[in-house]
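K.L.:
Full structure from sequences and hints, please.
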Amino acid sequence: MDRLPDLIFVSEIWIFSDEVNDFKIPDYSFYALPNNSYAAGGVGVFCKNSLDCPAEYCELVSADVMKILCKIGSEEYCFICCYRLQLFSINFFNNELDNLLLNEKADNLVLIGDFNIDILANCESTDNYLSILAKFGLFPFINDVTRPRSGTCIDHVFCRFRSFQESYDSFIYDFGITDHCMVGLSVRIDISETRRPEMQKSTFVNFDELNNLLRYESWSDVYLCNNILDAYPLFLKIFQGHLQTATHEKQTPKKCMTKIKPWINNDLVRRIKLKNKLSLKCLKHPNNLSLKKRYKNISNAIKKEIPQVRDNFYLSKFESCSNNIKKQWSLLNEITNKTKNNSNLISIKLNDQMCSDSSIISNEFNKYFSTLASSVNLDFPSFDDGSIIDDDPCPNSFVFNDINALEVVKTINSLNNSNSRGFDNISNRMLKNVAYNIADILAYLFNLSVSSGIMPNELKTAIVIPLYKKGDRHSIENYRPISLLPVIAKVFEKLIKTRMVSFLAKTNFFSSKQYGFRSGCSTEDALLNFCSFVLKELDNKRFCASMFVDITKAFDTVNHQILLNKLYAIGFRGHIFHWFSSYLKNRTQKVKVGSSLSNTAVISMGVPQGSV
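For the record, in the sequence shown the residue sitting at position 398 is 398 according to this note's numbering, with numbers rising by one throughout.
Just so you know, the hints here were simulated from the structure itself, not pulled from any lab data. Be aware that a few hints might be false.
[To be verified] With a straight-line cut-off of 20 Å between C-alpha atoms, the simulated PhoX-like cross-links for lysine-lysine are: (1) Lys494 <-> Lys506; (2) Lys261 <-> Lys317; (3) Lys277 <-> Lys293; (4) Lys349 <-> Lys469; (5) Lys432 <-> Lys494; (6) Lys497 <-> Lys553; (7) Lys48 <-> Lys67; (8) Lys261 <-> Lys275; (9) Lys105 <-> Lys201; (10) Lys513 <-> Lys536; (11) Lys284 <-> Lys296; (12) Lys349 <-> Lys367; (13) Lys367 <-> Lys553; (14) Lys470 <-> Lys349; (15) Lys273 <-> Lys296; (16) Lys281 <-> Lys293; (17) Lys303 <-> Lys293; (18) Lys304 <-> Lys292; (19) Lys273 <-> Lys303; (20) Lys105 <-> Lys71; (21) Lys201 <-> Lys135; (22) Lys566 <-> Lys497; (23) Lys261 <-> Lys303; (24) Lys281 <-> Lys296; (25) Lys592 <-> Lys349; (26) Lys585 <-> Lys566; (27) Lys273 <-> Lys304; (28) Lys326 <-> Lys469; (29) Lys250 <-> Lys275; (30) Lys261 <-> Lys327; (31) Lys469 <-> Lys536; (32) Lys303 <-> Lys275; (33) Lys432 <-> Lys410; (34) Lys201 <-> Lys367; (35) Lys296 <-> Lys277.
[To be verified] Label-pair distances were calculated between CB atoms; the ranges are: (36) Asp208 <-> Arg421: 16 to 24 Å; (37) Thr552 <-> Ser320: 32 to 40 Å; (38) Ser330 <-> Asn99: 33 to 41 Å; (39) Ser186 <-> Asn99: 29 to 37 Å; (40) Leu467 <-> Asn323: 22 to 30 Å.
For glycine and all other residues, C-beta sits at the position ideal for the given N, C-alpha and C.
P.N.:
Have a look at this one:
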């Protein structure tokens, strides 16, 4: 030891209260907790006078315990000195220790003393003792014999520190004064070191394990099912069983809530940190003119550099997405701080009263979204006679070509890398990682669904997220629904859509003036065509009149019978017609607010939200 210790802990001190003043060490204060009913008990602590270390006494039946609080720089440390009385069982002491540590919230905690529990022994009571300490993040720094006569380690030092970079040395000295060795801990603290991040439990999927399980899955029971209403639920059950097996828990650091601007590079971060350090030094040394000058120079340089770095960053970003309007708008929203709002609502107004119960809020949103279309005044014709709306039906009929596994893989790989999960707990990223091992069974299920004319109900349930638009955040009317459909349903729909569009293009169904929802067409094309027409007519000395129509809740108010009649008229007949009918019927949704899911609501009108 290079220097005298700052704190000296002694246990089993063998003194009574009236003898405390007899024990003095120069430059140290002595705090003692004698056991007046049991002379061999008690604990004491010698603290250097230069340290401000208040002492607290903890009331335990099975042990004498003293707590010392010590502040070094900006860090606070808690030391708990303990002597366990052998009159009581280890299990009884373990219960008391558990309750003691449960209320101890100190980030830097040291548990030290004579516990009369041999941590080198292999027994249940010792394992329980170590488990309790590990539960509170306390791990042993002494793992060797501390009582040579018995060959046991009953004098312990258990610690937890907030910073990963705490430097420490533990030691054991045998001075021959008692039959116990002296144990100690040397901690070298750097106040400027990074704070240890708080840990949280999270789950992850081991895709190597999941792919191995799926690779050797025969799906024989699924292939034996000729009814899609039995086959798909069975597939989903088997897949989710393998998914659960391959899902594991791990400890990860909690994410910092402060988000650094994307344009701030590492060099700028380093210089800002240096500026902040110089600022603190200037406060400590207000008369140091050279230090102030250095701080002022670097501060001015950073102020000039920030706009240049930010402008160069966004300029390069805009150049990289010059042909992508969506990305350009996303960048503009980022620059103007118009970020997406989440659905974790604090409260909404119901019957002139604020409600913060997420389960009630989710059900109110579900009721509002599911009845939104019916609130619009509509006057639909009757179809009791089964008549077809189109007077000139298409003579050609759509022929469905079976879906193959290669198509399924290509379609899955075309999905974005979203981690959002639908009702079946499967995300795009997850499906892309296992695509090759489930492509065959999915192709079989998709073909079975079309040939049966039935869409499985499991693919028709949507999770709806309320997204804030504008106005009062506590008003339900100011939110719009965003639907998360099962990702497998999206893959199926994309494959059907490809065949539909190909057929409609061959039959010249699409108008040359239709710019929306068509590949290779956009609102820019529509605007260019409109402006060209207007300018041409003005050049010819003619007047131009325009009428712009905005249909209220256009997609939400689509009548299913009218849509089916239209589909039949333009060539979708037979099995595919029955499939579309099944696809539109019995669709359900649940609204998610925070972690709460609403009750199920049936959607009887409109095209499915989130569908392709």
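K.L.:
Taking the hints in turn, state whether each one holds.
P.N.:
For each hint, the structure was consulted:
1. The straight-line distance between the Cα atoms of Lys494 and Lys506 is roughly 18 Å, inside the 20 Å bound, and the hint therefore holds.
2. A C-alpha spacing of about 14 Å is found between Lys261 and Lys317, which places the hinted pair at or below 20 Å, so the restraint holds.
3. With a CA separation close to 14 Å, the supplied pair Lys277 and Lys293 stays within the 20 Å bound.
4. Between the alpha carbons of Lys349 and Lys469 the distance comes to roughly 16 Å, so the proposed pair stays at or under 20 Å and holds.
5. For the proposed pair Lys432 and Lys494, the alpha carbon gap of about 15 Å is at most 20 Å, so the pair holds.
6. Note on Lys497 and Lys553: the hinted pairing is violated, with a Cα-Cα distance of about 23 Å set against a maximum of 20 Å.
7. Proximity of Lys48 to Lys67 is assessed by CA-CA distance (about 16 Å); at most 20 Å being required, the pair is judged to hold.
8. The hinted pair formed by Lys261 and Lys275 meets the criterion: a straight-line CA distance of about 18 Å does not exceed 20 Å.
9. At roughly 19 Å between alpha-carbon atoms, Lys105 and Lys201 fall within 20 Å of each other, so this suggested pair holds.
10. Taking the CA atoms of Lys513 and Lys536, the gap is about 17 Å. The hint holds against a cut of 20 Å.
11. Between the alpha carbons of Lys284 and Lys296 the distance comes to roughly 16 Å, so the proposed pair stays at or under 20 Å and holds.
12. A distance of roughly 15 Å separates the Cα atoms of Lys349 and Lys367; the hinted pair therefore holds under the 20 Å criterion.
13. The hinted pair formed by Lys367 and Lys553 meets the criterion: a straight-line CA distance of about 17 Å does not exceed 20 Å.
14. At roughly 15 Å between alpha-carbon atoms, Lys470 and Lys349 fall within 20 Å of each other, so this suggested pair holds.
15. For a cut-off of 20 Å, the pair hint linking Lys273 to Lys296 stands: about 14 Å separates their Cα positions.
16. This hinted pair checks out: Lys281 and Lys293 have alpha carbons roughly 12 Å apart, not beyond 20 Å.
17. The straight-line distance between the Cα atoms of Lys303 and Lys293 is roughly 15 Å, inside the 20 Å bound, and the hint therefore holds.
18. The hinted pair formed by Lys304 and Lys292 meets the criterion: a straight-line CA distance of about 19 Å does not exceed 20 Å.
19. About 14 Å separates the Cα atoms of Lys273 and Lys303, which keeps this hinted pair within 20 Å; it holds.
20. A threshold of 20 Å between alpha carbons decides the hint, and for Lys105 with Lys71 the separation of about 15 Å falls inside it, so the pair holds.
21. For the given pair, Lys201 sits about 14 Å from Lys135 by alpha-carbon distance, which is consistent with the 20 Å threshold.
22. As the CA atoms of Lys566 and Lys497 are separated by approximately 16 Å, the hinted pair is consistent with the 20 Å bound.
23. Distance check on the hinted pair: Lys261 and Lys303 sit about 15 Å apart at the alpha-carbon level, within 20 Å; holds.
24. Taking the CA atoms of Lys281 and Lys296, the gap is about 13 Å. The hint holds against a cut of 20 Å.
25. Pair hint Lys592 plus Lys349 holds up; C-alpha atoms about 18 Å apart against a cutoff of 20 Å.
26. With a CA separation close to 16 Å, the supplied pair Lys585 and Lys566 stays within the 20 Å bound.
27. The straight-line distance between the Cα atoms of Lys273 and Lys304 is roughly 16 Å, inside the 20 Å bound, and the hint therefore holds.
28. Annotation: proposed proximity of Lys326 to Lys469 holds, straight-line Cα distance about 18 Å (limit 20 Å).
29. The straight-line distance between the Cα atoms of Lys250 and Lys275 is roughly 37 Å, outside the 20 Å bound, and the hint therefore fails.
30. As the CA atoms of Lys261 and Lys327 are separated by approximately 18 Å, the hinted pair is consistent with the 20 Å bound.
31. Simply put, Lys469 and Lys536 have alpha-carbon atoms about 39 Å apart, too far for the 20 Å limit, and the pair is violated.
32. With a CA separation close to 11 Å, the supplied pair Lys303 and Lys275 stays within the 20 Å bound.
33. The suggested pairing of Lys432 with Lys410 holds, with an alpha-carbon distance near 10 Å, which does not exceed 20 Å.
34. Our distance criterion of 20 Å between C-alpha atoms is broken by Lys201 and Lys367, whose separation comes to about 35 Å.
35. A distance of roughly 12 Å separates the Cα atoms of Lys296 and Lys277; the hinted pair therefore holds under the 20 Å criterion.
36. A hinted range of 16 to 24 Å for the beta carbons of Asp208 and Arg421 is consistent with their spacing of about 20 Å.
37. At roughly 39 Å, the beta-carbon separation of Thr552 and Ser320 lies within the given 32 to 40 Å, and the hint holds.
38. The supplied range of 33 to 41 Å is broken by Ser330 and Asn99, whose beta-carbon atoms lie about 53 Å from each other.
39. Separation of Ser186 from Asn99 is about 31 Å and conforms to the stated range, judged on CB atoms against 29 to 37 Å.
40. About 27 Å separates the C-beta atoms of Leu467 and Asn323, a value consistent with the hinted range of 22 to 30 Å.
Hint compliance for this structure: hints 6, 29, 31, 34, 38 are broken, all remaining hints hold.
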